[in-house]
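Starting from two chains that each stand alone, build the complex the way the hints lay out.
So the sequences go chain by chain: A and B.
Just so it is clear: in the first sequence, position 855 is 879 by my numbering, and no numbers are missing.
Just so it is clear: in the second sequence, position 36 is 942 by my numbering, and no numbers are missing.
No wet-lab data here; the hints were simulated from the structure.
A few of these clues could be false.
Heads up, simulated DSS-like pairs for lysine-lysine below, C-alpha to C-alpha not over 27 Å straight-line [stated by the list, open to error]:
(1) B:Lys986 x A:Lys72
(2) A:Lys34 x A:Lys72
(3) A:Lys72 x B:Lys998
Partner residues aside, some chain A positions facing chain B, computed with beta carbon under 7 Å [to be verified]:
(4) Glu43
(5) Tyr47
(6) Glu49
(7) Ile50
(8) Asp53
(9) Ile56
(10) Leu73
(11) Gly74
(12) Thr77
(13) Ile79
(14) Ala82
Partial pick of chain A residues on the chain B-facing surface, computed with a CB cut under 7 Å [as the list claims (entries may be wrong)]:
(15) Thr78
(16) Ile83
(17) Gln162
Only a predicted model underlies this, so the values are computations on that prediction, with no experimental measurement involved.
Beta carbons: idealized from backbone N, C-alpha and C, even for Gly.
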Amino acid sequence: MSLSRFFRRKYWDAQRAAELESYLEIETDRNIQAGMTNEDARAAARRKLGNMTTIREAIYEMNSISVLDTLWRDLRFTYRTLCKRPGFTAIVILSLALGIGANTAIFSLVDALLFRPVPVPDAGGLIAIDTAASRLTQFGNSSYLDYVDFCKRSRSFKGLTVYQQVSAGMNPAGAVPDAKPQIVYGLLVSGNFFSTLDVQPIVGRAFLPEEDRVPGKNPVAVISYALWKRVFASDPNISGKEIKLSGHSFTIVGVAPQSFTGPDIYYRPDIYVPTMMSAMVIPDGGEILTERTWRGFNILGRLKPGVTVAQAQAEMNVIMRDLGREHPESNKDTVAFVRTEMARRRADNDALLLPGLLMGLVILVLLMACANVASLMMAKATSRLREISTQLAIGASRGALIRQFLTESAVLAALGCAGGVLLGGACIRAFTAMVPFSSQDGPEFRLDSRVLVYAALASLAAVFVFGLMPAFTAVRDAWSAINTRTSVSASRSFSAVARRVLICSQVALSAVLLITGGLFLKAFVRAQSVDLGFNPSHLLLVTVDPSLRGYSNEQATRFYQQLLPQLAGLQGVRSVSMAANVPFLSGGSWDVSVDGYTAPDGEKFLDLATNQVGAGYFATMQIPLLRGREFTDRDTAKAPQVAVVNETFARRYIVQNGGLDSAIGHIIRLRGNQPIQIVGIVKDSTSGQIGAPARPWFYLADLQEAAPRRTIHVRTEGDPSAIAPEVRRRLAAVDPEVAPISTLTMSGVISGRGLFVPRIIAVLSAAFGLVALSLAVIGLYGVVSFMVGRRTQEIGIRMALGAQTRAVLTMVLANGVRLAATGLGIGIAGALVATPLVGNLLVGVSPRDPEIFVSVACALFAATLTASWIPARRATRVDPNVALRYE
Amino acid sequence: MGKAGKLPLEGEMVQGTLDLLVLKTLAAGPAHGHTIAFAIERRSDDVLQVEHGSLYPALHRLEDRGWIASFWGTSENNRKARYYRLTAAGRKQLVAQTSRWEDLVRAIGRILYPAAE
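Next up, chain B with everything else stripped away, as it sits in the complex (with noise of 0.2 Å):
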């Protein structure tokens, strides 16, 4: 029998914050699966390890909600690439889950440091 049901909560939020890192990253324009990793790890300063267990399943999961679409391109040193570009969808997933992750901080800052308040 197959094991259906959800994820475990702690599973979904990291997932959900990879899904909002790549979309972001594809903002800037149509990358392919290694550079999508490089330029998170790059630029959170390789604070962030892109998990590419869990890149590849997570690239497939935004494509199939239509949240990004792909199409096969010759990448910087003349190797087939698989390209990924956002969609319109995207883009307001985008908007919508960066509110979230703020509204998220916010409200862990909050119980972190309540002498702030």
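Only chain A is shown next, with the shape it has when bound in the complex (with noise of 0.2 Å):
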């Protein structure tokens, strides 16, 4: 039997009765010859053909696969079995549509950062170098002079290539006439980056290997797709035009495909130029190829066919050993890891938390989706016992029935797929809007093919949870039920037996859920409320950097001390001051030795956390200063270098036990070993994670000791980003060419930044939780009410030989708070066990915290009672005159 035979049937049964109608023609035209009259000779050809519809009748079936036959027949009784009742099929979409969906959304988030490949070829073989300060550190960026002995020495390696992150000004008024500069985010690469990584420019060509040789030579860049298109218009001969990057002419020599968007996953770059260009796009440029202590460098190649991974590795060790005894003062005891830029990836325990836990957290939510589509399939078999039986008794087979249970829960699970795809794919875009990132920064969520394969599978092992479970129960309560011709009795059905486990892992899952819910919205709250230390209200911080204008640290210092007064006369401005770095945004750590003090471990340097602020740094900020006093517009390069230092870094590292004012005058060092005098001591502030405990910090004079990128702070009386406009037009008449980076609010960069991860993970699990919740609650009413209903006769029974309304009540009631009680029992020790699994994303919270868990049991133990209570007092409400006549 062909296939294609199956599919035309109509059309075979069409040429088949045209065949049988030209036999009646012919037999009909002999009839007549014969002498018939014509109806005669009709009708006699009629009879001798017999029954047509017989003969085509048997062809059909011959036709037929019994296998497709069946399963569309079944499909056909689920559509008309699911439209007779459209409630219940509504919710089982609804709640299967919301665990997949949830798991959809938050796959695209593990796919993004576990398994979505960088987007070369055979990105499978691409490897990954760190190098790290110690075997425990396991990632950590090289040196330029590193990667350039790897290259000599090694021996496994196709290709490596090296690249750093850079972000630069960048005018493309020679290529486009009318377009404004602007900042662009880009790489740093080796000549060979795109050949190594087998990207193929679409417009031009990739950089020649002489093009990466000598330093300044060869300003030549390759641009992005994206950016193409953005600022170039596409313009198809964009090769050989200029643009300026920091003030700097570039020949832009190609276009990257669009498929390529970098080799990191979180980084999308728009810009490519040769490392040996760095002096020409960022300040002091020239000294990270020279230096070996400036570890920026990220370092990715590809194996010699038949090198494995860990015969690379093994060479590597060597060449560290040698390098480390060669260069011992930046490469003593620095290991080097060799993997594969996938396993790279899984190799960060950090990375991998919050993603786990929302990825559990969603499994429990399907799972509990799952038991009340179960429970709820199981209610609607057992209310169909006796249509069961029937069939059962007229010969269907048990796996007949069986496989139309499943048929159901199939077209179910098939809806709920694509419910759930819809709704994920509609989170992933409120994702995006979510996550603080820039179209430059931050993993891509998207709905693609890896994920859309995740919400299949899950489907798929959703119709064998919610499917097969009740499908067995009802088949076997129907098959004893014949078998003993009683009735089964309500409570000792195997399928009753089923739904209780059921309603008890539904309540104990929820309370799972409710818990780590409750704790992560505690945590919220309380990092709300952590004081930071300083005063974020009225806070406008403008980020500025003159160096992409190809300032130098002089000429940026004469441009602030042009703009800040002019700032600070506005109206409206309560004080202006400056900082390298701000809270949440950004930060940095030097190396610095304390007079007096040495490590435990006999190290002089300590790694602090540092900023370098203006004048006035701690007013703007309302950072109380607890001694001395804070940096003057007199700490300038030519004056004695000075200090201020937290509360923290005194105590720990200077006064131990005494009384603070012994630490003013105390002398610091940076690695350059000048004395740095303390003058200041300063109140704890927040170093950018909220509720984290304080960390020792010290503050250098901007003028003595910074970058040119500075971001302005701006205190306000009124709402701040109400003066962002005069403030880009003061900054527009110093200087017409430096735009603001980011203007932002002091407030809306803890909101976007520091409270992001709080608040995303208390508003996920705490909507999860809810679900749950109601999903628990909807099933123990389910339970409560179908063992009411079954059991009406009995109650009126009982009610007619006296049992009293509250007799009734506490009997049915008991049923539901026992399985409540026994659901949150287990619920609570499973919290218990679980939540000091992600106690490091608790920030402020204990993973046991009593009130939560208090809280949540008597909240759920709420929920569960009402749930039972409803059904419990329509139970009183039994006519025993209409219950004993009742079957």
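Now the structure itself:
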């Protein structure tokens, strides 16, 4: 039997009908020749042929494939049953859509972080090399000279390429006359970058090897497809055109293909420049190629055919040992990690914690949804017990009945999956809007084929979880019902037991989800009201970088000296200052030694957080000064170098138990070893992680120690964003080409960046908890109502024999409460074990916070009590007369 | 549920016989359903009456197996009719089935007339 015949049954039937018709005509003709009348001839022919329909049916049957036929029959049957119960169908599909939608959305995050390959050909063969400070660190960038040595000494690699993130001011006027200067984010790359990654430019060419040999010699650039489209209007003749980067002329030689968005998942560069041009693009950029202590480069490569990762690792171990001997001041004890790019991503446990937590939560939500659907299906199946028994009695096989149930589950799962993918797609769009990253930064969430496969697998698993159990229990119950010829007792039947197990696990799961949600919600609320150590309201942050325009450090200083007094004079401005870093946005740590202090490990230098700030910074931030003074305009490059430290710094490294006063005048030193005198002590303030304990912190005067990029802090009387346009105008008046990199308010930064992770976890986990709670309540309500329905007769008899309303109420309620209490107990025990696993993400709240545990237990118990009280109340209204005549 | 499975033995014998007769008839040249039935009845001196309820399904089955092929043509008295012809596979099948039939007849004969041995 061929498939084409099966699908063309209609056609073949028509063919046969025509053939039989032609037979009739031929026979009729013959009969007429034999002397019959027209009608007799026709009738005789028909008689001779027999029943035409029977013949056609026989042939039609031959063209059937029984599996497909029965499938079709089951589908039509399912369609009819589902249409008959629109409410049931809607609840089931909605539950599944919620579960699968949440899973799809969260998996898209996991996919972006852990599964999506880098967009280059044969991404699986891409090897990453890290040079870490120790075996434990596992991650670390390399210096350019390390890279050069790796290339010279290793034999395992077909090619090694190096790159480093860079930003620059771009003036595209040479290529597009009316375009404005703007900031571009890009990569400094070695000459073999594109050839090593196997990426072919779609316009022009990649870099030539000789373009990356001599510092400053070849000002060439390759641009991204996105930049080509956005700024250069997809100009096909872009090659050879000139643009300015940080004030220096560069020639565009090629455009990267659209698919290539850079070698990192978190960063999508718009421009690629040879490493040898670093001095033209960033201030002091020449040093990054010559200093072994400058570790800013990432290394990627491909192995030679036949070489394994382990062999390459062994070779790199030898090279690192040699380098440690040759350059002890920079390379002592450093180790190399050779991994595939994918393995490197997955080795980062800290980055896995958040997606892991969310994934765990959504899987629990899906399980809840499945349990809910399963118990709904069982209730429906039990109400169809008689129908199923009849089907079994007249000879339907048990397999056929189970198949029918599974078809129903599969149809529901397919619809739920479709709904879930739509919902998940909407969530992914919402995520993208919520994530505080630019178009260049941060992972890209997409509904790609891996995410769809995951959604399909989740749905398939759901069919088995929620479909198989009701199918088996229903058929088993029906089977025993016929065999024992008595109605199965409502509480003993197999499916009744299964439903109670299901409802217990639902309550348990929702307890776990609610407790998790509660803990994260509490952490989030706490994070909002945490004292940051400075006043975040009415603070405008304008980040500028005159070096993007090619300014030297001295020119930048003059620029700021011109600009700041103008801003301070604006109406509605209380004070103005500057800093190199802003809490929650950026930060840095430098090696520093404190005279008279040696760390327990004997090390003189400590790696401590620092910021380089301007005169009046602490007054503007409203960070209280505890002792001494803060920086002033007189702390210039020519004056003696001074520092301000926070209280933790002073107490931990200088005064230990004494008074803070003795820290004033103490000397600290950077690697350069010149003395820096502490002139002030300020109160601790946050470093950028809300709720984290205070860290030792030292501040240096920005005129004495800072790069040109600064953030201007403007403390305003009223709404800080209202004053932003005026600030921009003043900025443009000083130099129209120095555009602000960003204009933000401090409260916006805290809400967007500082509170982002606590908020997203709190919102998602609380939402999952609420979904779980409502599913559990619906489930419990269903089970108890069903129980009441089945025991109507019994309740009627009890009432007829004189049972009090209260006794009946208690009896029914006890059933529901027992289930809820069991589930709650299991859930709380589970949560006690599980929540410490995510303790690292719970800032400021204990993972076993008693307040949350108790309130969730109370709330859940109250909800389940209500869910069983409503049907229990109905049971007391049973009229004994009606009940006794029931059945 | 569709009833899948083997037909009873006697049905199979009759069916197989009809297949053989159709193949043999078509060996002489293409013919349409009416002619095939007519020819079988005539050649057997009307001993074998062709059940049309079986003939057309049989034709369908043989075509499905690739032993015969069909096309629309015009009958002797200018009616549109579906003609069948023997394929190469059908010709082989005819030889095989004929010898099987002869074996069967000999075997039955040995049982019915043991004295002839």
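Outcome of the hint check:
| no. | hint | result |
| --- | --- | --- |
| 1 | B:Lys986 x A:Lys72 | 20 Å, holds |
| 2 | A:Lys34 x A:Lys72 | 26 Å, holds |
| 3 | A:Lys72 x B:Lys998 | 32 Å, violated |
| 4 | Glu43 | 4 Å, holds |
| 5 | Tyr47 | 5 Å, holds |
| 6 | Glu49 | 5 Å, holds |
| 7 | Ile50 | 5 Å, holds |
| 8 | Asp53 | 5 Å, holds |
| 9 | Ile56 | 10 Å, violated |
| 10 | Leu73 | 5 Å, holds |
| 11 | Gly74 | 5 Å, holds |
| 12 | Thr77 | 11 Å, violated |
| 13 | Ile79 | 5 Å, holds |
| 14 | Ala82 | 5 Å, holds |
| 15 | Thr78 | 6 Å, holds |
| 16 | Ile83 | 5 Å, holds |
| 17 | Gln162 | 61 Å, violated |
Going down the numbered hints, you'll see the structure goes against 3, 9, 12, 17, while the others check out.
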